[in-house]
Every structure is written in structure tokens, then in C-alpha cells.
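**Student:** So you can see what is in the structure, the chains are spelled out below.
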Amino acid sequence: MTQLVYDSASPQHPLLDPFRNMWNKRGLIGLLVARDLTLRYKRSVLGVWWTILNPLLTTLIYWLVFQNIFGRQGEDGVPFVVYLLSGTLFVSTFFSQGVLACGTSLMGGRNILSKVRVPGEVFAVTASVAAAVNFAIGLVILAGIQLLQGPGIPWTIVLVPIPLLAMLMFVTGVGMLIASAAIHFYDVIDFVRVLLQLAVWMVPTFYPLDIIPDSLLPFIKINPLFSYLRVFRGFMYEGTFAPTWNFAYMGVSAVVALLLGVWVFSRSWRQAAVKM
Amino acid sequence: MSEPAILVDHLSLAYRIAKDRTGSMKEFAINLLKRQVKFEHLWALDDVSFEVAQGEVFAIVGPNGAGKSSLLKILAGVLPPTDGRVVVRGLLSPLIELSGGMNPEMTGRENIVLFGTLLGREPQVMRERVQPIAEWAELTDFLDHPVRNYSTGMASRLAFAIATDVKPEILIVDEVLSVGDEKFRRKSTKRIEQLIEEGATVVLVSHNLGTVTSMADRVMWLERGRIKMIGDPKEVVDAYRASV
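Sequence order for the protein chains is A and B. For the first sequence, position 88 matches number 88 in my numbering, and the numbering has no gaps at all. For the second sequence, position 219 matches number 495 in my numbering, and the numbering has no gaps at all.
Chain A extracted, bound-state conformation (with noise of 0.2 Å):
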């Protein structure tokens, strides 16, 4: 008897059915990711070694213009640009750039998608994990920074993939939410876009936060990302444990943006294939 049965009317289940999905392909987007991963510099002389030169040269760029041209300095031994490159590797690598390919993700797979019965999830969560990849190799960087110019590695380094996992998950929802409005107004990408460059400012990336006066502060600390970044830097580099508040923060924020995505994705993406 045959065993694999397609049946359009099937009832789905909004949230075990994705997950279910993204564990039986697992497979599959394992090597969507290396696609992901080698094909943005296949025809570069250089290749793979983009994901490291880039983050790399970014950093190089803001430490010429902040170190140098503003005087910035790191604070209590931790030089400025460990603090730097832990928040744009955080913020700008891993949640900005990987909420936009999360959020396009259906748009960059449409070629599969309009031939081939693959789920949604597949191409949300390849960006997602494509992104936190690059933050992975980003972080051996600066590691290795961390080793040259102070503060050295704390032990709790191994505690990193705690926000880091946090993060896949909140970069996860919010882009699939992105991905579902995208479906039917592209120019959901453009606003996004300005969207997370102030989120990204909103966090003390480069600047220290005793700049920010007392009246703002609520507005910085608000924002989860604050939260997220706070527990990865004191993993990190700092060797301490950020605020309790911060956590539940980033936990209950990553559970949350996760589940209402995938509930809000699997409902929508499905109609992708027929605007297409």
C-alpha cells in the first residue's frame, strides 16, 4: 500500500504542523543554508571568506570613524572595539540582516515554491539560520580580538548560545511575520527596512549608554533587543550575568514573536504560490 498521502483537506494544525515540518526537513535546509552561504560569493576570487571580511570590515570602518575621529574609548578595560563589534554583530548581522531574509524568504524561493510541494517554513527558517551562521563565524573574530586586546574570554563564553538561540528564535518570528504581510504588500520590505535601522539605533551598539539622559531611557531599555544584547555581552566578554529582568525579557519575547509567526506564517504563506 502506498503510504504518502497528499490531502488538500487535511486539517493542518497552525502551530505543531510547522513545527513538524522544519524537524522532517531538517535535512533540506541544512543544505539550503550552505546554498545560502556559498552562493551569495560564488562568483567572488575570494568566496566564503566574504562572511568573515565583511563583518570585519564593517567593524574596521566604524572603529577609523568612532575611535579615531570621535575619541571613543572602551570602558573598564574592555577596548571599544570588542563593544562595538559584539553589538553590530548581534544587532546589525544577525537580527537586522536576518528579519530582511527572513521576511523575503518566500519571495527569494518562489522558483521552488511554484513547482515543488515544500513548506513555507523551510525558506523562513534557512534565512533565519543562514544569518545566525554568520554570526557564529562572526564571533570567532571576535573572540580572537578579545584575546589580542583584552578583556580575554570569560568562562561563561559557553553560556553564548543561550541569546544566541534566543535570538534565531526572535529573528524566526518577526520575519516570518514580515514574510506573511509581504505576501500581500511588498512594500512591507521598504518600510521594514527603515523600521529596523531605528530599532538598530534605538540599542547602545556603539555609543556607551550614560550618553542617553534619564528621560529616554525607558525607550531604549523597552525595546527587547536591548535586553538580548545586555545577556550576550555579559556572556561574552564581560563574564557576568546580566539583570534578571533581562532575561525573562529575552526569553518571553523569543517565545512569544516565535509563536505568533509561525501561527500567523503557516496560515498565509500557502497563498504566496497563487499571487505569484
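Hint data in this document are derived by calculation from the structure and do not stem from the laboratory. You may find that some hints are simply not true.
Simulated coverage check for chain A against chain B, where a stretch passes if three residues somewhere in it have a Cβ under 8 Å from a Cβ of chain B [as the list claims (entries may be wrong)]:
#: 1; stretch: 4-17
#: 2; stretch: 24-31
#: 3; stretch: 115-124
#: 4; stretch: 260-274
Every residue gets a Cβ at the ideal spot worked out from N, C-alpha and C, and that includes glycine.
Please arrange chain B on chain A, whose structure you already have, making use of the hints.
**Tutor:** Frame of chain A, contents of chain B only:
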């Protein structure tokens, strides 16, 4: 009596088109609030019902825009039905717009693994199938070249080889028999015939009425999204011919 391989039950598909094509989101939102958005429904398929038995070769004919390709895409699980139900039993391989399914930037080898995995196999299995697939497609020398350097015929050959290598139980064929040169056309036809002999169910769309009459067990004539006629190949094809 075994269950049909494909069951299509009161199937309808509508492409929803916003009537006054509002460009921006803001305009659309305002119109939506005012309940002024009017949608026009373009019914690509309208209340279509039929069954395909296991091992049957089922052909669909009809003029351009009759809904043939949309129907194939619904069977392939790519498009969701607007109304009605589709049940497909068995591992399905879609031979639709073949050469376009290959990623031009990736090598032949990478495409074999990725496309095979997309069709439902595991990556490890596909890595072992690279050699036999390339041999059958006669592309062994080009395995590590990016597909963008292939000719259209070569890319189609590769895609066809991958899609038929997974031993599909159901084949969805969209004009694929006209792909490639004469030699490959014969080779691919032979492979499909072999799959049919092994018990595969085939749904095929073709404008080549000669192929349809010789290959199909039954033919369905679609016109403007509705079934005009369904039954014996010769009868349906003759009636369809008389109408054009």
C-alpha cells in the same frame, strides 16, 4: 478494488485580483476600511471532479488558458485549492517547467542533491545517486560546472534525470516529452514508458494530440476551467479536434 491514486472532488481555483489596482499599502488600507476594495475572481478551475486509478495514464487536453497548468500545480501540491478537495496517494514527481528548476549558480552535482532532496529524498541518498543520474543524463563531464554554463537542453536533461530517478509513483508531466533533441526525446519517452510499466500513475498535459491518443488510457478535455468531456482517448480527442 484499490483506492484511486488521485481524487479530485469539486475542485475550484480562483485567482483573486483587486479591481482598482491600488498601488500603495496606505491607499489599500484606507479603501479596505471604507470597504471599497472590490475583488474580481478569475476562476481558473470551476467545479472539477474526476478520479485517476493507480497505474492509469490520464491526459488533459484543452486550449491555452483552460486551466491545465493550474490543475497540475494543484495536484503537485504547489497551489492550494480555493474550494473542493484533492487527494494524491503516492510519491509524486512533478515534471513541470523542468530546466527552470535547476539553480544556475550551482554545479550539476549540487543541483542533483538539492533538487532530489526537494522532491522528498534525504541528502545522503542523493549524494550516492549523483553518479548514476549524471550518467543517464550523459553529463558526467559537466558535473562540477555551474548549470548556467549548460545549454537549455542539458539543464532539462539533468532535471528530468533527477525527477525520474526517485522512482515516483505518480508523474505529473507538462509537455516534458518535447524536451531536448531527438535522441534524448526518445530516451526520456522510453523511461516514462518503463515507469508506467512498473505501475506508475501518470497525469500528462500535452498539445501533441498524437502522443495523447497513443499513450493515455483516458483523456479529459478542459475548457475555461470546466470539464467539457472525459473518457476514451480517441473519442475525446476527435471531439476536441472538431471544436478547434
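**Student:** The structure should be examined with respect to each hint, and the outcome stated for every one.
**Tutor:** Here is what the structure says about each hint:
no., hint, verdict
1, 4-17, "holds (count 6)"
2, 24-31, "holds (count 4)"
3, 115-124, "holds (count 4)"
4, 260-274, "holds (count 4)"
When the structure is compared with the earlier hints, no violation turns up for any of them.
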